[in-house]
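Given the structure of chain A, go ahead and fit chain B onto it with the hints provided.
Listed here are the chains, written in short residue letters.
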Amino acid sequence: MARNTGQPWLVSRRYWLTGIGMAVGSGVLNLAVAACGSASTVSPTAASTPKPTVNAAAAAPAAPTASSAAPAATAPAKAALSGTFTTLGWGDIPYNQAMLDDYAKAFPDKVGNLKFTAEGAKSETEVLTKVLTAFAAKSGVPDFFQQNAPTVPQLIDQGIVAPLDALINPNKDVFSSGLLAALSKDGHPYAFPWRPNTWMMFYRKDLLSNAGIDPTSLTTWDAYIAAGKQYFSKTGGKSWLTYEPTNNGNGQPLEIFMDGLGISYVDPDGKPAAGNNPKMLQALESYQDFLTTKTAEARSEWDAPWYTAIKQGEFATMLSAVWLDNTLKGQAPELKGKWGIVPLPGYSAEKPTLGFQEGSPVLLVTTSSPFKDLAMDVMAYQYLTKDRVIAVAKQRIAQNKGAFPPLLTQVLAEAPFNVPDDYYGGINFFKTNLDLSKNGVTIAFNLHFAETLKTYNSHLDLISAGKETAQQAYDTIGKELAGKLGPGG
Amino acid sequence: MRARRYLTAYLFIAPFYVLFLIFGLGPILFSFYLGFAEWNGTGPLRWIGAQNYAGLLSDGTFVLAVENTLWLWVGHAVPMLPVALALALLLNLRWLRGRAIARAAVYLPNVTGVVPVALAFTLILDPKYGLLSFALRGVGLSGLPWLTDPTYSKWGIILFVIWRATGWYVVVFLAGLQSVDPFLYEAAMVDGAGAWSRFRHVTLPGIAPVLLFAVVIDTIGSMRAFTEPTILTNGGPANSSLTLAMYLYANAFEYAKFGYAAAISYAIFAITLVAALLQLRLWQRQMGD
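Those sequence lines, one after another, are chains A and B. Each residue of the first sequence is one higher than the one before, counting from 1 in my numbering. Each residue of the second sequence is one higher than the one before, counting from 1 in my numbering.
Simulated from the structure, these hints should not be mistaken for laboratory data. Values in this document were obtained by computation on a predicted structure and should not be read as measured data. Cβ coordinates follow ideal geometry from the N, Cα and C atoms, glycine included. Worth double-checking, as some hints may not be accurate.
Subject to a maximum C-alpha distance of 35 Å in a straight line, what follows is the list of computed DSBU-like cross-link-like pairs (lysine-lysine) [to be verified]:
#1 A:K329 with B:K128
#2 B:K128 with A:K271
#3 B:K128 with A:K185
#4 A:K115 with A:K105
#5 A:K431 with A:K351
#6 A:K394 with B:K128
#7 A:K294 with A:K311
#8 A:K438 with B:K128
#9 A:K185 with A:K311
Residues from chain B that keep clear of chain A, each with C-beta distances beyond 10 Å, as calculated [to be verified]:
#10 V18
#11 G43
#12 G55
#13 R103
#14 P116
#15 L119
#16 K128
#17 G130
#18 A135
#19 L144
#20 L147
#21 H201
#22 A238
#23 A250
#24 F253
#25 Y255
One chain only, chain B, in its complex shape:
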């Protein structure tokens, strides 16, 4: 009786659940099973227990991919998020002229296609013919092999990611800044708080959830880094910019080791989960202070 009463409603929401079961939950469960199997993509699956996961621990390339991924994450997040916040503060100033144009300009890199821009970056970063090298030579410095030397390859990618993603976080921070109650600033000014005190004691607590959101989202995105390093360096040289997602892809679609690839995907999931939970924990502590 009750089921019949809600039948129409269930039918309305059914398409989502049906699609989710087929394209969401189904692959998740299958890939979990696959993580304990050996499969070349076409033949029969062979159950091998936890060998894939054990193999990860002794796989130097996987460990290097973990290091690279974390390196790329910290390398871009540490400078990018403060810069994005500073830009957001600047673009939130009411007296700033041309704010709308400035906001659009800052956001523009994020709406450009990642592939053509990455290709343009390969030209800009070319050690001999690139614009950056040209500019460096102009001030008496030599161009660096940004993308072709194991020492610098990650920096080339970090430069690109910062250039492209900063605008998105500026918009996120701007939204957070605009949600802070202006009366709090007035009250702080009445109490004699200076600009730094207002930022420290009003702005930062006011946008703390947004900051947390940005950090967590950036972490998740970084653990899945694929497109940028693929186009800029293809993971090289010497695997110096190989990321976890690239290694996963290589195992699945280049080496036909789908079971191992599935195990890597769960490792990525675990690393992402731990990183997100750590951030939440740290944030909780901060909020508790």
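The shape of chain A in the complex, shown without the other chains:
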């Protein structure tokens, strides 16, 4: 009775309190996100890693090798280990589990009583969140995990990952020196790039032929853009290429231009390249030129419309990396023989853009792992042992999954790596990949790479939308980032 009419003050007080309560409740939820990520959004799934139990005397490590049937880069202690050895990754988790199980079968004396578990996550972001949370909680940290190369400096800074000198130094010739440099700190490599993201240009042979364009003539960006205009006019406005405005999928043109010019988002002195390095202005202008031709189509990727567009021949070329191979073959098997691959154009005809999109997916060993040597040994077995690499490729092809491009040139002479690829008209895809990866470079990954990238990308979106010029972006990005990047970037 009094609640509605008699005592308005009581009404107001009640509702003030209710409102404040609701607002406080909301705040609690928001705060929980920031302060209690482990409780609300993240649940580490990796099993707790116990200390190893060594029951026998340690044996001398085996000599590192990257060839023949000899296993292992650095053999772990020959002792009956026990506990759980955990990996964390995204994507094909059964592949990871098979890698561990096969290693255990091949080297029972090294493995002892260890239990091998391959944990999975939905994405690289989730892997990172799980690792961070587990590391902070000092529980459930995987022994090794997969990430994308750009997060490596942050993980080093956080003390989460251990150097991999014993694994990589004896096999340096396997990798591009530019790639290794991006994954190293103070001369120590911290990440194993098991499948470098080699840049390559995928093109539709039939569509280019119909438009009278010779793919081998696309050696410079000028030639490429001119061909795009020709294609656009001959096809009545069809897209010459597609790209994603924000860099979470296919080849991001700015990164390609940066690789071509040998620069990164942040200069070696830690200053943002935008605003400080004229080559960055050149890269941004290339990006703008690219878009003003109106022959490039910005669109989101990894969704049904994107796949449909590929199938229907909506794009004649795709500036991408080696991983696109599996996507094309999986999504559009009917286009067998219609795709071709050439190197990316460059700023001069003699110098194509050779490099790696965001480096590579990498494997990292955690500092808290009691099985670091074993972790490196597993990687060496899987990716640097000739017979194993060939066996895994055969298995994957038999399972219709497609072989991963190998790191070792020694395997190219053997099946299945010596087989011409009909999807690309009979070229040797794996050899093409390794040829293109020689002398490849990659942008440097600074400590605040994620934030740096987002800042650049937001301005690339504005250039794409015609709301900003390259010069404006160059000036603004530098100022925006200057306040965000600490010493050393």
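Chain B only, in chain A's frame:
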């Protein structure tokens, strides 16, 4: 003696308080402290005073996130709440046939999973292959880049939020409408009040607390907007749909700047509190008229 007398009762309620202390109050206090520190999530905390809060004021991305969040809130609340009220009035009509089915249909979007529906929306809103663009082309209009252009990205999200949340507010308003004393309507009709007068002078005052509740709840929800923009646009393009909660998440879990993220969380709390109090104040004034 007294404590012993109530010991059993305290033991019964203890689990809630223990859990609240660990997972509620503890993180709140810790995050408040964190707001004055620099922490990468694993190393030592470094006290930096109010630098994080000072940084917010000069952080253009944060300011943009505030603008976007308010934009998304007003953009969906202004059309959605009146539409929800109109639907509730319609579904409250006793003579309406198939009311139960209609009510279920209106509420249905709210019980569907937000992620699959958002993914479906990305397909519907695709400028080339989307159903909406197809329909627009059918009437001679061109499809818009709903999610891929800085000008339209917020509208794509607003469309989705309205589609999904309206049903929930219809149910809330329906409950409010059914709590209005029917004798008041009869008395108003006896006094010669028409439909509009009955709505203006009986219905609206009768459901005023419910309206306030809906507005406040919607405000709180909007300040925490995360899932929809994350799935539909991931905050882009050009941060045009980046919300405060997304920026908080990015700072904490992508940039490893937990101290700054904690400061953002308190900023969200402050903005939400101010917005809720303003609404209460306005409502009080209305009630005073």
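Here's how the hints hold up against the structure:
Proposed proximity of A:K329 and B:K128 is supported: the alpha carbons are some 24 Å apart, at most 35 Å. Restraint check for B:K128 and A:K271: not satisfied, since their Cα atoms lie roughly 41 Å apart, outside the 35 Å limit. For the given pair, B:K128 sits about 46 Å from A:K185 by alpha-carbon distance, which is inconsistent with the 35 Å threshold. About 12 Å separates the Cα atoms of A:K115 and A:K105, which keeps this hinted pair within 35 Å; it holds.
A C-alpha spacing of about 19 Å is found between A:K431 and A:K351, which places the hinted pair at or below 35 Å, so the restraint holds. Proximity of A:K394 to B:K128 is assessed by CA-CA distance (about 40 Å); at most 35 Å being required, the pair is judged violated. At most 35 Å may separate the alpha-carbon atoms for a hinted pair to count; A:K294 and A:K311 meet this at roughly 22 Å. Under the criterion of a C-alpha separation no larger than 35 Å, the hint pairing A:K438 with B:K128 is inconsistent with the structure, at around 39 Å.
Taken as a hint, the A:K185 and A:K311 pair is broken in the structure, with Cα atoms around 43 Å apart against an allowance of 35 Å. At the 10 Å boundary, the C-beta of B:V18 stays outside the reach of chain A, the nearest C-beta of that chain being 14 Å off. With a least CB separation of 7 Å from chain A, B:G43 falls inside the 10 Å interface cut-off, contrary to its annotation. Separation of B:G55 from chain A is inadequate, the least Cβ-Cβ distance of about 8 Å not exceeding the 10 Å criterion.
Distance to chain A confirms B:R103 as a non-interface residue, since its nearest Cβ pair spans about 26 Å, more than 10 Å. No beta-carbon of chain A is positioned within 10 Å of the beta-carbon of B:P116; the least distance is around 13 Å. With a cut of 10 Å on Cβ distances, B:L119 falls inside the contact zone with chain A, its closest approach being about 8 Å. Here B:K128 does not stay apart from chain A, with its beta-carbon only about 7 Å from theirs, under the 10 Å limit.
The claim that B:G130 lies off the interface is violated: its Cβ sits roughly 8 Å from the closest Cβ of chain A, which falls inside the 10 Å cut-off. In this structure B:A135 is separated from chain A by more than 10 Å, as the shortest Cβ-Cβ distance comes to about 16 Å. With 10 Å as the threshold on Cβ separation, the claim that B:L144 sits away from chain A holds: the shortest Cβ distance comes to roughly 13 Å. Consistency note on B:L147: stated as away from chain A, yet its beta-carbon is not over 10 Å from all of that chain's, at 7 Å minimum.
Every CB of chain A is more than 10 Å from the CB of B:H201 (nearest about 15 Å), matching its label as outside the interface. The Cβ of B:A238 does not lie farther than 10 Å from every Cβ of chain A; its closest approach is about 4 Å, which violates its non-interface assignment. Listed as outside the interface, B:A250 is inconsistent with that label: its C-beta sits roughly 7 Å from the nearest C-beta of chain A, within the 10 Å cut-off. With a minimum CB-CB distance of about 5 Å to chain A, B:F253 fails to clear the 10 Å threshold, and the non-interface call is violated.
Residue-level check failed: B:Y255 sits 5 Å from the nearest beta carbon of chain A, not beyond 10 Å.
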